[in-house]
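Novice: The sequence shown begins at 1 in the working numbering and counts up one residue at a time.
Read the hints as simulated data drawn from the structure, not as lab findings. Keep in mind that a hint or two might mislead.
[Claimed, not checked] FRET-style restraints, in silico, Cβ to Cβ:
(1) ALA387 <-> VAL166: 26 to 36 Å
(2) TYR184 <-> ALA304: 23 to 33 Å
(3) GLN352 <-> ARG216: 26 to 36 Å
(4) PRO329 <-> ALA60: 47 to 57 Å
(5) ARG213 <-> GLY165: 16 to 26 Å
(6) PRO190 <-> PRO298: 50 to 60 Å
(7) LEU161 <-> PRO190: 33 to 43 Å
Computed from a prediction, not measured in an experiment: that's the story for all the values here. Yeah, the Cβ is synthetic: ideal placement off N, Cα and C, and Gly gets one too.
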Amino acid sequence: MLPPLLHHSGFRRFFTGRAISLLGSSMAPVALAFAVLDAAHGRAADLGTVLAVRMLPLLALLLLGGAVADRLPRRTVLLTTHLGAGLSQGAAAALLLTGHYALGPFAALEFLNGALTAFTSPALRGVLPELVPNDRLRPANALLGMAANGSKLFGPPLAGLLVAGVGPGWAVALDALSYLPAAYLLARLPAGPARSRPTALRTDLREGWTVLRRTRWVWWTTWSFCATNLLLVGPWQILGPQLAGPALWGTLLAARGAGLLLADTAAYRLAPRRLLATGQLAGLLLPLPLLALGLRAPVPWLFAAALASGLGLALSATAWNTSVQEHLPHDVLSRVSANADTLSYLAIPLGQLACAPLTTRLGAPALAATAALAQAALTLLPLLSPAVRHLPHRPATPAPAPA
């Protein structure tokens, strides 16, 4: 039986479109990696360039994307970016399939794809409150989390089969095609409220930062996410495979994925009175597998820690997404989300770059354990703020913007 939310035509179309698009996007990293290495005759430098130019415009344009999503109808923004991403990825697939790959044109297309993502993400965060009432935002976010995490489990293996069976170019082409049905479903969404913003774009950008800085619970949780990305992402991606080994590393990733799906199922049904505080406490589960690797824990403990980490990550994400959608004014929601995401994303490369010299100085096990413990301490820090501890779940109307 379908969840009740999927009987609502607007949300059902949005959910179906997102599920299709997410499956295609989850295939893209595997498909692109093998496509570039194959077309460039194994030159790793080409792959590094392509991945970098895809990420740079996302960081550079995310704030602008938030301002645009608060100015224009979000359905229009999403429809435009999905069609643009389908065309750019389709052109990249055409270069591969026709044997005309060259680093310059291919990198330019991936740069365009990254730029479009900068406009997509803030609009996605803001469009959900236009489709479902406030008291259904948590289960709606949980269902979207199931789609996102399910795609991460099934997309990469599917891409691997396509790469092995018909070639990486066709896998990239399938990713491009996934945007078309998603765009069709987005085009059938309700138009959403009209928003007229006579202010200058610079004023809009400044207002998004001001609201983030003055809304205490947003400010504290954003810096907590920055600390998590700084201390966990690099050590997990770089030290995790070294400390676990190939076979165990794959098992830990699978256990973490299972935890993500279990948490989304729980978040669909459970409604704590203090959702944001609950999500912040769930963040204490995130560093457990890194801590267990650093302490050389037995395999069963490592498996349990990875499962718990997936639970914590999904619960924390659902709590954050629901809280900003419930409490922030809809006309500033995309800008605040873009500011918070930018701060969080910038911490990732800093942590990755610091990982190698710190490993040389401390050793991989000691660095893994230290980073995990530091992240746990900084996750607890926002709970010292009453604004985080006491933020209620499911208010009747969005809170007004701070003065």
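Novice: All hints are to be evaluated individually against the structure, with a verdict given for each.
Specialist: Results for each hint:
A beta carbon spacing of about 53 Å between ALA387 and VAL166 contradicts the range 26 to 36 Å that was offered as a hint. Taken as a hint, the range 23 to 33 Å is violated for the pair TYR184 and ALA304, whose Cβ atoms sit roughly 43 Å apart. Checked against the given bound of 26 to 36 Å, the beta carbons of GLN352 and ARG216, roughly 30 Å apart, stay inside it. Checked against the given bound of 47 to 57 Å, the beta carbons of PRO329 and ALA60, roughly 26 Å apart, lie outside it.
Take ARG213 and GLY165: their Cβ atoms lie about 51 Å apart, and the range 16 to 26 Å is violated. Range check, PRO190 to PRO298: about 53 Å between beta-carbon atoms, so the 50 to 60 Å window is met. Taking the beta carbon of each, LEU161 and PRO190 are about 38 Å apart, inside 33 to 43 Å as hinted.
In the structure shown, a violation is registered for the earlier hints numbered 1, 2, 4 and 5, in ascending order.
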